[in-house]
Amino acid sequence: MYPEELRYTETHEWVRVGDDVAVVGLTDHAQSELGDIVYLELPPAGTEVSAGGEFGVVESVKAASDLYAPLSGKVVGVNDAATGDPALVNRDCYGEGWLVKVELKDPSELENLKTAAEYEEFIGA
Amino acid sequence: MAKAIKTPLYEKHVSLGAKMVEFAGFVMPVQYTGIIDEHLTVRENAGIFDLSHMGEFYVSGKGAPAALNNVVTNDVEKLKIGKALYTPICTPKGGIVDDILAYRDADEQYMLVVNATNIEKDFEWVAGHLPRGLTVDDRSLETALVAVQGPQSELIVSEALSEDLDEVRYYEFISAVVDSVPVRVSRTGYTGEDGFEVYVDAARAAEVWDVLYDLTTGIGGVPVGLGARDTLRLEMKYCLYGNDIDEGTTPLEAGIAWTVKLDKGDFIGKGPLQKQKKEGLKRKLAGFVMVDSGIPRHGFEIINVDEKGIGRVTSGSYSPSLRENIGLAYLDLPHGEVGTEILVNIRKKPRLARVVETPFLKLLGGK
Chain E
1 MYPEELRYTE THEWVRVGDD VAVVGLTDHA QSELGDIVYL ELPPAGTEVS AGGEFGVVES
61 VKAASDLYAP LSGKVVGVND AATGDPALVN RDCYGEGWLV KVELKDPSEL ENLKTAAEYE
121 EFIGA
Chain F
1 MAKAIKTPLY EKHVSLGAKM VEFAGFVMPV QYTGIIDEHL TVRENAGIFD LSHMGEFYVS
61 GKGAPAALNN VVTNDVEKLK IGKALYTPIC TPKGGIVDDI LAYRDADEQY MLVVNATNIE
121 KDFEWVAGHL PRGLTVDDRS LETALVAVQG PQSELIVSEA LSEDLDEVRY YEFISAVVDS
181 VPVRVSRTGY TGEDGFEVYV DAARAAEVWD VLYDLTTGIG GVPVGLGARD TLRLEMKYCL
241 YGNDIDEGTT PLEAGIAWTV KLDKGDFIGK GPLQKQKKEG LKRKLAGFVM VDSGIPRHGF
301 EIINVDEKGI GRVTSGSYSP SLRENIGLAY LDLPHGEVGT EILVNIRKKP RLARVVETPF
361 LKLLGGK
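Sequence order for the protein chains is E and F. Position one of the first sequence corresponds to residue 1 (the numbering used here), numbered consecutively onward. Position one of the second sequence corresponds to residue 1 (the numbering used here), numbered consecutively onward.
Chain E on its own, in the form it takes in the complex (with noise of 0.2 Å):
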């Protein structure tokens, strides 16, 4: 359920870091919580996100969430394949249901997110 090899906030958000760009997405506790997917609102590419600063919005049918930057960077892909499917999210949050990508201004700031078993402890699973 929490892959061993992300990083993950407090805000549910998962980050898979890749060389200087960070894949951006949405755990499955938060999808499973939320229900289903009908609605994202992503940042265009571009666009500058710092760590714990909102960049966006998802929806289910009954609740709307804000999403926060894991790390701070430049938004350098956006997933459309989401944006206009979003219940990709709900199938597949760690594999075609990802977010943003984003190339990493500092990446230390690694350091203050969690592992996946920390991840676990923190949603109580």
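Do not rely on the hints blindly, as some may be mistaken.
[What the hints assert, rightly or not] List time: in silico DSSO-like cross-link candidates among lysine-lysine, alpha-carbon distance up to 30 Å:
id: 1; chain 1: F; residue 1: Lys277; chain 2: F; residue 2: Lys348
id: 2; chain 1: F; residue 1: Lys6; chain 2: E; residue 2: Lys105
id: 3; chain 1: F; residue 1: Lys349; chain 2: E; residue 2: Lys101
id: 4; chain 1: F; residue 1: Lys348; chain 2: E; residue 2: Lys101
id: 5; chain 1: E; residue 1: Lys74; chain 2: F; residue 2: Lys349
id: 6; chain 1: F; residue 1: Lys78; chain 2: F; residue 2: Lys348
id: 7; chain 1: F; residue 1: Lys19; chain 2: E; residue 2: Lys114
id: 8; chain 1: E; residue 1: Lys74; chain 2: F; residue 2: Lys348
id: 9; chain 1: F; residue 1: Lys80; chain 2: F; residue 2: Lys277
[Said to hold, decoys possible] Where chain E lies over chain F, by a calculated footprint (3+ residues, C-beta under 8 Å):
id: 10; region: 29-36
id: 11; region: 174-180
id: 12; region: 287-297
[Stated by the list, open to error] Heads up, incomplete: computed chain E residues facing chain F, CB under 7 Å, no partners named:
id: 13; residue: Met1
id: 14; residue: Tyr39
id: 15; residue: Ala45
id: 16; residue: Glu59
id: 17; residue: Val61
Hints are computed from structural coordinates only; laboratory data are not their basis. A virtual CB, placed ideally from N, CA and C, is assigned to each residue, including glycine.
Assemble the complex: chain E is given as a structure, and chain F must be docked to it using the hints.
Relative to chain E, chain F alone:
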């Protein structure tokens, strides 16, 4: 606040893996498989609902029809035995105390079905506005309610009752048994689909649920939670008490003028409602569809193209059947007229929407 009440079917929901939430002082299933799946299954096939949180009062005694007619806006005196009626109860100013169903059981006996949120308030209101000598008996906690809704519901319920339901028309009810359990069955609902509501003693609710559940799921139907109940009713523009209607709104503004019988004699709220009708409405509950992206939610502000406030969203959601974002709002006239472009403030950004005809979803007529 007092501890939330579990309905007699609580254990069923938990064992089905439902997500449970507190609603109006009850622990209720909000969803089982998912709101969209449940919603679409009701529209295409059938769904089973636990609505045991609803309240049931019995009003009886000599002169009950005329006395009750003074408390409600629709005409329960003309109502035939074996039929049910949708009616508001209004304040002396014409605001809505609650919207209820009245079932006529006998010449001088009715069952009233009230919203869970309003059970205590309604009991005091109804008892307080009926003359002495009439009895009002609150049987809410002893009464369970299971609904089966959807195009396949007649098949399911007639099988459960071993009775032909063809003769039971919309808003009619009968007494019957499921196995050996006595039930009251009405052809009513809150989804817009053909459907039935089955009232049963709380102590025997589980038996009735099991029979209806097995028949429903046996043909591909699903249990349905409050989440899909809300999206189903919203597509039909059925009002939700506390969201779309309350003591600050009148039935005329809400677009349910057909439930107000100004020609039936005196009743609580008649004067102001008559005046409002004569002078014309200043605002009305209108349906709108989002043109821009974003989902309207309860409380969001609505402005006109000149950025002046003209109303607030009372209900809003993604519509699973229409795949659009829809909402209801009291809009100052003439902004409430069909075709008007309005702006909904969603997260501080005004987004375009258009007033449309309601119900949002056009269904073929039922029985």
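Tell me, which hint numbers fail for this structure?
-> 1, 2, 6, 11, 13, 15
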